[in-house]
Amino acid sequence: MNVQVSLNTPAKKAPPAPAPLLSLRNLVIAKAGRRLVDGVSLEIAAGRTLAVIGESGSGKSLTALALLGLLPEGLDIDEATRIAVDGRELGPRDERGWRALRGRRIAMVFQDPMACLNPFMRVGDQIDEALRRAGIASRTERRQRTAERLAEVELPAPETLARRYPHELSGGQQQRVMIAMALAGAPDLLIADEPTSALDASVQAEIVALLARLQARRGLALLIITHDLSVAGALAHEVAVMQRGRVVEAGPAAEVLVRPRDPYTARLVGARRRLDEVAPHRPDAGGVIVEAEGLCVDYAARRLFGAPHRAVHEAALSLVPGRTVGLLGESGSGKSTLAAALAGLRPLSAGRVRLLGHEVVPGGRPLPRTLRRQCQMVFQNPYGALNPRLTIGWALAEPLALMGVPAREREARIALALKEVGLEHEHAARFPHQLSGGQRQRACIARALLCEPRVLICDEVISALDMSVKVQILDLLRRLQQERGFAMLFVGHDIEAVRWIADEVLVMNRGRIVERCAADALDEAHVRDPYTQRLLASRLLPRAA
Amino acid sequence: MAAVTLSRAFPRLLARLLPVGLALARMAAQAVGIVVIVFLLARLIPGDAVDVKGLEGDLTAAQQSELRHQLGLDRPVAEQMAAWSWRALHGNFGDSIRFGRPVSGMLATAVPETLLFTGLSFAFGLLLAAGVAVGAVTTGNPVLRGLVNFFNVWSVALPTFCVGVVGILVFSIWLNWLPVFGSLVLPVIIIGIDSAGLIVKPLYEELAEAATSAHVRTARAKGLPGWRVTLRHLLPTAVPVTLALSGLVLTSLVAGTITMEVLFGLPGIGSLMLNAIHGRDYPVIQATIVVVAVALVAMNAATDLLHRLIDPRMSS
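Read top to bottom, the protein sequences are chains A and B. Residue numbering for the first sequence follows numbering that gives the first Met the number 0, beginning at 0 and increasing consecutively. Residue numbering for the second sequence follows numbering that gives the first Met the number 0, beginning at 0 and increasing consecutively.
One or more of the hints may lead you astray.
[To be verified] Pairwise CB distance ranges, derived in the manner of DEER restraints:
#: 1; chain 1: B; residue 1: Phe160; chain 2: A; residue 2: Ser462; range: 24 to 32 Å
#: 2; chain 1: A; residue 1: Glu147; chain 2: B; residue 2: Leu230; range: 55 to 63 Å
#: 3; chain 1: B; residue 1: Met80; chain 2: A; residue 2: Ser169; range: 34 to 42 Å
#: 4; chain 1: B; residue 1: Glu208; chain 2: A; residue 2: Arg364; range: 18 to 26 Å
#: 5; chain 1: A; residue 1: Arg509; chain 2: B; residue 2: Val35; range: 47 to 55 Å
#: 6; chain 1: B; residue 1: Leu247; chain 2: A; residue 2: Gln433; range: 35 to 43 Å
Source of the hints: derived by calculation from the structure; they are not laboratory data. Here a beta-carbon is modelled for each residue, glycine too, at the ideal position from N, C-alpha and C.
Please work from the sequences and hints to get the whole structure.
Right under this line is the structure:
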């Protein structure tokens, strides 16, 4: 069996064979009778890139795992499923057969590289292990090849880096190590399951560019699993769009992503396009209600006698009723800390915040209750922000009780709030786990609205949501602001979303606000700051056909 | 040049050693605290060694007060403690009040016995727990999974002294396989199973979770054989938990060994301590407690340091 595999390996140099490298027909995966993947068929030809696009729960990751025989226990695969590599069929649970292919013909890169690398092993040793598995017996040769692979994924100082542990690398470096490890056995097909989802935007663009270069240089076949249309557009020749376990549309990327035929695909593509339309600049309404000057926030030192870590340096910003300030930044830029400090949820180390007429200074009086109510926050993870043991109705009744609204009036107010955020009255009786992610976020927004806030701070509120839901929530926030006229601070890392909803955009990097401009001027022609320019340049462009 | 690198390396070395030094200082403080509390507690119990001797040997009141003065028992407690501590620091734990022999000599015979006993029990328990947990996770065998729960319930539900008595009844009296006193076999098995029961369940849960973790899946995706995935990628994940649990188990072994030593007549620290408490033999009580306290603190320090050594994330 191994002989046949190694005979087939040099196929890269030959012109693309007529038989597809990998073909999957009628994949059906069920759990307890419920079909998670329902009749998916895919084909990947040598040297081509196929992107499988889908939102959470579409079954795209299970499909990828099935292509390497890695499906977890407890899932049933239908008898009618056929998987063939180079025209040779393999049973989905044929562990021996799959193990012969893994790493040598088919390799895989996963989401969240930090969790995927073994924390107890130096990264060089982890690549070394893959090389040994690929049949390289000499230790010196393995060491040399480890360095070569690390250089190939464009990591600096490969020899030094190989001696590091995963936690000593950045997210982007970790993912590069994962790719280097996948390439160790010179595979013909690389499956990448959401390879950039856990990474910051600028890092994401670098990884996508690296994958494109590797594919061109090595003639790899690439299977990209993603929820992000721009990643698919930047890499794929062909795409397949999955919804609820089925492929609803498949074809050339340039065709499907530009002129989608299926209504679901059209909705996905439309959602992305909506964000590209920048809203017209709105006139200033005047009357600043939140104003921060020289705002600094420190985190206590992690060690005895260590210096405190300054998360926010001298930030200044002001919020005006009816208008939105967008705060754009990558992870660790201090944007959430700044948002929490503005809401009075985190003590200041220096500077001052004037919030609705109350002065917040370091060591000063905390925000009075009545004012705190008027400054509401909505968070990234709506599941974590709702008590799992309270129904939505109970959760919404809490702020009303605090405000002293009589019990008989509460139900009507809750029903009205739910209606306003696009939920039904029946949702009040449900528990958070009985709602979808988008519905949960709507419930959180409803809860904030019940306090009749004059300031709404949204901290990454759409990050955990699927693309089509993101746009709905953005629409909702904008409509509510128009109706109610609250001032809004919208914190996010998604350039398009922040630009779409905001009137003014602030860009944060390493705790400092490095750029402030009108939302419609947030493009490479207008911004001055080099970091912002890099951020804008990292947006993905569709692959030339 | 060398001086420059040295001056640069020195703060880094200091930064690495400082946490270790602080940990050791904390542990020394713990040991001192335990000793002080025991010293005071021993004197809270009504009656002293002279009373016990008086009951046994018909000493007159005058003889008793003479003896008290001789032994320093009539001085204030603080003064007694200071004098004792000073001598203990020099390795002199004084003489047993009841037997008149040097306490250090008594310890010299008891400590090796206890070390052998606890070492064997702990090793047996750890091997049993690790074997059952790893086997249950990697094979998914229902019998092994059942054993995980069996040992766990056993150690929670059955106190070692009960099992010990039943064990003596069955194996020594009815079957006549083992002597009633002095054999290590039965106590090691009993304490070993008891320790295994404490470790096996959390270890199994940790391994079962690690088996579905992303880095184990990555190792499988690399095409590594199953044994290598288990050995290099699955097992290291469970080391921190095993260490933490081992610290816990070693602590509980102190209580376990005392009862077992008394029950099976093993001449270890536990028997020594219990006899000393019965006889109000202060020097022996104090010395044995010091030995146990220092051992406990040292074991905790050792597991902590091992964790730092094994998990690269801890040291940076």
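Status of each hint after checking the structure:
1. One distance hint, 24 to 32 Å for the beta-carbon pair Phe160 (chain B) and Ser462 (chain A), is violated here, with the actual separation near 57 Å.
2. At about 27 Å, the CB distance of Glu147 (chain A) to Leu230 (chain B) disagrees with the hint of 55 to 63 Å.
3. Range check, Met80 (chain B) to Ser169 (chain A): about 56 Å between beta-carbon atoms, so the 34 to 42 Å window is missed.
4. Between Glu208 (chain B) and Arg364 (chain A), the C-beta spacing of about 46 Å breaks the proposed range 18 to 26 Å.
5. A hinted range of 47 to 55 Å holds for the C-beta pair Arg509 (chain A) and Val35 (chain B), which are about 51 Å apart.
6. Between Leu247 (chain B) and Gln433 (chain A) the beta carbons are some 39 Å apart, a value that agrees with the proposed interval 35 to 43 Å.
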